[in-house]
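Asks: Here is how the chains run, residue by residue.
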Amino acid sequence: SQTIHQWPATLVQPVGSPLSLECTVEGTSNPNLYWYRQAAGRGLQLLFYSVGIGQISSEVPQNLSASRPQDRQFILSSKKLLLSDSGFYLCAWSEQGVGANVLTFGAGSRLTVL
Amino acid sequence: AQKITQTQPGMFVQEKEAVTLDCTYDTSDQSYGLFWYKQPSSGEMIFLIYQGSYDEQNATEGRYSLNFQKARKSANLVISASQLGDSAMYFCAMTGGFKTIFGAGTRLFVKA
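If you're matching them up, the sequences are chains A and B in order. FYI, the working numbering numbers position 46 of the first sequence as 47, with every residue one higher than the one before it. FYI, the working numbering numbers position 63 of the second sequence as 67, with every residue one higher than the one before it.
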């Protein structure tokens, strides 16, 4: 069966510090991978998605970047965090291919920037 | 551009009664998918139900059904026989191409 792991679960970082959130998927090959951000009490904002190794599409211009160094690994990074980067970050995967595929989410990473 | 609208920030329902959560969408795509996800207070996102744009029958999954009205571009979620464990945030979502976008969500409170 497929599983998705996301870490760290919680982190508190000072403004200007770097960030790295990691997500890995097991039990499937060549998945579509996604990073979403959820502000407190709000909906999910799509940040990045990837349909293959090294292929990253950015949805929102911002202080963040994403990379996919391996087929089932997706990393969200920042060189210098801003206060506005605080939020709940969710990684998700779906079956490869265009269309109506169910998203399976990781447990999320709650980031607080002070 | 695609858009999902959920106009009910919060809803209350009595235990064992049915409740409808509203969702309207906008897209120029002919082929798309509509979803509902549940987010309990733990933060995890749980897939509930899916409806394809070409599906003629409304989707059902246990106590969940999706009332799909294509001409009105609506995809309302109906929860029958509400339970206390149904208290959560509910998000309507749409997939077109590789992307899935979400609405702002509706917080459902089930009263005993």
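I should point out that these hints are in silico values taken from the structure, not numbers from a laboratory. All residues carry an ideal CB built from backbone N, CA and C; glycine is no exception. Don't take every hint at face value.
Label pairs and their in silico Cβ distance ranges [claimed, not checked]: (1) B:LYS103 with A:GLN14: 21 to 31 Å; (2) B:THR11 with A:ALA40: 12 to 22 Å; (3) B:TYR58 with A:SER18: 17 to 27 Å.
Where chain A lies over chain B, by a calculated footprint (3+ residues, C-beta under 8 Å) [unchecked claim]: (4) 21–33; (5) 41–55; (6) 68–77.
Asks: Next, verify each hint and record whether it holds.
Replies: Hints, verified against the model:
{"no.": "1", "hint": "B:LYS103 with A:GLN14: 21 to 31 Å", "result": "28 Å, holds"}
{"no.": "2", "hint": "B:THR11 with A:ALA40: 12 to 22 Å", "result": "19 Å, holds"}
{"no.": "3", "hint": "B:TYR58 with A:SER18: 17 to 27 Å", "result": "48 Å, violated"}
{"no.": "4", "hint": "21–33", "result": "violated (count 0)"}
{"no.": "5", "hint": "41–55", "result": "holds (count 6)"}
{"no.": "6", "hint": "68–77", "result": "violated (count 0)"}
Of the numbered hints given earlier, the model fails hints 3, 4 and 6; all others are met.
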